[in-house]
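Listed below, chain by chain, are the residues.
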Amino acid sequence: MADTFIIETADLRKHYDGVEAVRGLSLQVPAGSIYGFLGRNGAGKTTTIKLLLGMARPTGGRARVFGLAADEDRASVDIRRRTGFVSDDKDLYDYMTVAEMIRFTAAFFPRWRADLEQRYLRAFALPLDRKIKALSRGMRTKLALLLALCRGAELLILDEPTAGLDPAMTEEVLQALVTHVAAEEMTVFFSSHQIAEVDQIADRVAIIDRGRAVLTGALDDLRESYRRIQLVFDGDAPEPAFRAPGVVRVRRKGRVLTVLSSAGAERILDEARALNPVSVDVVPVTLKEIFLETVTVED
Amino acid sequence: MLFRPNPSSGVPIYLQLMEQVKHGIETGALRPGEQLPGIRPLAEELVINPNTVAKAYRELEHEGVIELRHGAGAFVSGQVREKKLTDRLRAGQTIVAAAVERLHARGVTDEEIRRLFEAELAGLSRSGGERG
Chain A
7 MADTFIIETA DLRKHYDGVE AVRGLSLQVP AGSIYGFLGR NGAGKTTTIK
57 LLLGMARPTG GRARVFGLAA DEDRASVDIR RRTGFVSDDK DLYDYMTVAE
107 MIRFTAAFFP RWRADLEQRY LRAFALPLDR KIKALSRGMR TKLALLLALC
157 RGAELLILDE PTAGLDPAMT EEVLQALVTH VAAEEMTVFF SSHQIAEVDQ
207 IADRVAIIDR GRAVLTGALD DLRESYRRIQ LVFDGDAPEP AFRAPGVVRV
257 RRKGRVLTVL SSAGAERILD EARALNPVSV DVVPVTLKEI FLETVTVED
Chain B
11 MLFRPNPSSG VPIYLQLMEQ VKHGIETGAL RPGEQLPGIR PLAEELVINP
61 NTVAKAYREL EHEGVIELRH GAGAFVSGQV REKKLTDRLR AGQTIVAAAV
111 ERLHARGVTD EEIRRLFEAE LAGLSRSGGE RG
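Taken in sequence, the protein lines are chains A and B. In our numbering, each residue carries its 1-based index in the first sequence increased by 6. In our numbering, each residue carries its 1-based index in the second sequence increased by 10.
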């Protein structure tokens, strides 16, 4: 188990002061994947990341990274040493210049990649002698990313890496990640509430809602298996009890019956035809729709 | 030659890539023996996951559309298979043309025909798994 998954959690739990931030989260992140950890703000993404890095202790369940227990002190030091991490606030020392920050960070990592440092300095056009406190938000993110990419890590954990960036900068960051993964054989675990970027670069996804994974899987499998089936009837739509597997939701509105399926349309269509609809439509479902159907709406 | 797939269309990105390569062969934009971009540069160019490009290439090889030569990259398959492919498509086109003609005769509009085809394909996609 420990060898096949870079990150593995089972029934992971964390509560702070009566708030259950993570409530029985189970994840398996295979080596070499770009794993999108998708959830609304406050869904438990940052807390999960802190648990993985040993920066917070779980109140239940377990988390393993590289097969090491994240809640054991010595193991978690090893996890942090082998992981490039970009926190949601991109914490850097404001009083340092870009060059100083890079030298300072490089000193901690014997496997520091000077070649990548040069490449990303150029690609990101970072001003070496500017103080960090004077950097724009985009520049700050790029610097944090450079520091994470150059340390020779086997795993990158990124907490909302593109938060607050404009579309052009977002694209630059995504491109750097794709390039890096292709060249360095590593695993990326990134949290996001931006469905589009997960859609674009992730090959696997977990949707987290209120501290639980409500959906996990390979993105292409989800795209292939989710279908929306719309049936229109002459009179009021019936209230069928579908026996087919994978029925996620059935909505009835007047003459229209809409079925969301996570297991293709065929079995449902077989049953639906018996109801004599006047028209049948089957359409693919986007990740955005899947997301909106699986997470809890504001209450 | 290959353009950016639309990640939010609901269609798997590897399938979109496969379609693009096949379309390129049909239109002659890609010729037998021609080399396709490597996995890494293509992933970078399209800003998509390298595993997705690798999957598209694997499936295309499985279908005989391209050949993966060890260490050398991906190449459009030779004349014979390419011909088979276009023959198959041409035969399919004849069937589709006849069906469309009959549907038109019954007063079904283009947009409705498009939806019927999509519904049929979407409905069948689970059982066969074959989408080539």
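Treat the hints with care, since some could be wrong.
Derived Cβ-Cβ restraints for the label pairs, each shown as a range [what the hints assert, rightly or not]:
hint: 1; chain 1: A; residue 1: 77; chain 2: B; residue 2: 127; range: 50 to 56 Å
hint: 2; chain 1: B; residue 1: 113; chain 2: A; residue 2: 202; range: 57 to 63 Å
hint: 3; chain 1: B; residue 1: 36; chain 2: A; residue 2: 227; range: 23 to 29 Å
hint: 4; chain 1: A; residue 1: 68; chain 2: B; residue 2: 99; range: 51 to 57 Å
hint: 5; chain 1: B; residue 1: 37; chain 2: A; residue 2: 259; range: 41 to 47 Å
hint: 6; chain 1: B; residue 1: 108; chain 2: A; residue 2: 223; range: 51 to 57 Å
hint: 7; chain 1: B; residue 1: 108; chain 2: A; residue 2: 47; range: 52 to 58 Å
hint: 8; chain 1: A; residue 1: 116; chain 2: B; residue 2: 29; range: 57 to 63 Å
hint: 9; chain 1: A; residue 1: 36; chain 2: B; residue 2: 123; range: 40 to 46 Å
Simulated coverage check for chain B against chain A, where a stretch passes if three residues somewhere in it have a Cβ under 8 Å from a Cβ of chain A [unchecked claim]:
hint: 10; segment: 12-20
hint: 11; segment: 101-114
According to the in silico footprint, chain A covers these stretches of chain B (three or more CB under 8 Å from chain A) [as the list claims (entries may be wrong)]:
hint: 12; segment: 61-69
hint: 13; segment: 117-129
Keep in mind the hints are simulated off the structure, nothing from the lab. All C-beta atoms, glycine included, are put in the ideal place defined by N, C-alpha and C.
Right, here's what the structure says about each hint:
1. 77/A to 127/B: 50 to 56 Å: holds (54 Å)
2. 113/B to 202/A: 57 to 63 Å: violated (36 Å)
3. 36/B to 227/A: 23 to 29 Å: holds (28 Å)
4. 68/A to 99/B: 51 to 57 Å: holds (53 Å)
5. 37/B to 259/A: 41 to 47 Å: Given a distance of about 43 Å, which is inside 41 to 47 Å, the answer is holds.
6. 108/B to 223/A: 51 to 57 Å: This hint is violated: roughly 40 Å between Cβ atoms.
7. 108/B to 47/A: 52 to 58 Å: holds (54 Å)
8. 116/A to 29/B: 57 to 63 Å: violated (46 Å)
9. 36/A to 123/B: 40 to 46 Å: holds (42 Å)
10. 12-20: Three-residue rule met by the segment 12-20 of chain B, so holds; n is 4.
11. 101-114: Since three or more residues must qualify, the claim that chain A covers the segment 101-114 of chain B is violated, with 0 doing so at under 8 Å.
12. 61-69: Holds: 3 residues of the segment 61-69 of chain B have a Cβ under 8 Å from chain A.
13. 117-129: This one holds; 3 residues, not fewer than the three required, reach chain A with a Cβ under 8 Å.
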